[in-house]
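Colleague: Top to bottom, those sequences are chains D and P.
Under UniProt numbering, the first sequence has 95 at position 95, and the numbering climbs by one with no breaks.
Under UniProt numbering, the second sequence has 47 at position 47, and the numbering climbs by one with no breaks.
These aren't lab readings, by the way, just hints derived from the structure by calculation.
Take the hints with a grain of salt, since some may be wrong.
What the hints assert, rightly or not - Computed cross-link-like contacts, SDA-like style, restricted to lysine to any residue with a CA-CA straight-line distance of at most 20 Å: (1) K413(P) to L38(D); (2) K71(D) to K390(P); (3) K71(D) to K2(P); (4) K71(D) to D375(P); (5) K413(P) to L93(D); (6) K71(D) to H87(P); (7) K22(D) to T414(P); (8) K2(P) to C311(P); (9) K390(P) to E15(D); (10) K413(P) to L14(D); (11) K390(P) to G47(D); (12) K413(P) to E15(D); (13) K408(P) to V62(D); (14) K413(P) to E96(D); (15) K18(D) to W371(P); (16) K71(D) to T414(P); (17) K362(P) to L14(D).
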Amino acid sequence: MRSQYAIKQLSVFLENRKGRLKELTEILYQAGVNIRALALAESAEFGILRLVVDNPEKARSVLSKAGFTVKEQEVFAVEVEDRPGGFYQVVKLLAEADINIDYTYAFVGGGEKAILIFKVPDEDLERAMEVVARGGIRLVEPIFFYSS
Amino acid sequence: MKPNAADYYAREDLEALQLRRLKETVARVYHLVTFYRHKFEEAGIKPEDIRSLEDLRRLPFTVKQDLRDHYPFGLLAVPLEQVVRIHSSSGTTGKPTVVAYTEHDMRVWTEVMMRTLLMGRVGPGDVVHNAYGYGLFTGGLGFHYGAEALGAAVVPSSVGFTKRQLMLMRDFRATVLCCTPSYALHLAEVAQEEGLDPQKDFRLRAGFFGAEPASPGLRQAVSEVWGLKYFECYGLSEIIGPGVAASCEYGELHIFEDHFLPEIIHPETGEVLPEGEEGELVFTTLTKQALPLIRYRTRDISRLYREPCRCGRTILRMGRVVGRTDDMLIVSGVNVFPSQVEHVLTKVEGLTPNYVIVVDKKGVLDVLEVWVEVDERIFTGDLGSLENLKHKLEEELANHLFLRARVKLVEPKTLERSMGKAKRVIDRRELEEKLGR
């Protein structure tokens, strides 16, 4: 399942410095990379920007070249109904399977569906996908993000 | 005779005494220390060539490395049987430097420490709380012997256990405090946290502070918070320990130049600079037996003033030490070498030793920051592991430096870009001084 559904997410180390986020997004814009999903985690001094983009290889290469510290990780995405309990049912399945969620972020795309992205420990990724799929949740294929 | 009578000698009497002692010292080291005999021969100088104090500048310099090269006893001018005390540096940057004292040297040391403490009229009835480190560090025992010789009661509390120190200071009704200025401030802060009033609950009237450079702001803060008279003391173990110079009631640092002959030189050319100019402080010991030093380069940057002081002392004055010629940093009284920081960083697997040490002043306290570059080898992509790395480094640095340092994780290549490759230290305290504080 991993080979079919794992989505490449880029994590970028960002110092809390004025203009740094602007520089990063400008580089992606000029490389023609489209950001499909993003989340910014931050501590007092630095932040980590998580990105799912339409062309991860290209994004990684232009960012590294510009001096950013980039790490590629695999996450998975699911599609749920945009109504009360949508998020809950996925979290419940993972919790019952004793799988820890490192972090998660969500998108509500205007329609009746919401996209949730989950990062779990790498060794649990395959099992997490199976658990949610068995629970009747639809996994989103990478192609959804990559072909924009 | 009063122990501080020499502070008031007429200039010509003092200089006659200095010259006699200089001649004796030069003859001693020439005949008793191979290292000096060779150096004098290289320079083509014989002891009898020293006829005036001006001739001092014909003698070669001694540097810290000479002490290291002759570790442990190679520079001693007396047999070991005559040595009664041995102190040593920690040896963090190489071989430790060893300093030794004969019984006579101990008397000299005690005398100059008495003269230091007499600046604040310390004597019988005073309770001297001595929070300088006891042990190989010369501070603790130096003050201890001086205060005891003056008939004061000494509390040899040494460093650490701040709350217990405060209890002792309060219960024993300490009147005099001896420690580094930043520790004096820390003591006051902890006292206040404990709900105590440093002025009402304590009886300190004078403090003798040294072992680190203190800005006017720090000195003022210490004297205001405790309500005490601030006395500064200057010294270095190679010369004797504390007791090389001390400040009088007007805050002017006086050098005990009947024992330690000072010069100011240009740090690069070695040329002697005229009075009042800033340069490296150099001392020649005039009375030491075990380890006499000829023109020892302190690496401290200061000035000398000859004009008489309002306090009536005739001995030379020196300016506040404004910096050091080498890369050693003194942060809150603790010596920090970039190599120590590097050592800690390189212990963490995968970490590039790409770092910058930033020293700053926060209010009156020194703040040490170590900026470390995060690169793809240590960046796992999650916040927690970076926070862990930061805390681990902070803990390791505290263990190695005996000082709290804040670690700041920065992006790769940001350090080279902004300050060039070799620059490992940014001392913003110096900057502040230069900006006219």
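Colleague: Honestly, which of those hints from before does the structure not fit?
Modeller: 1, 3, 5, 6, 13, 14 and 17
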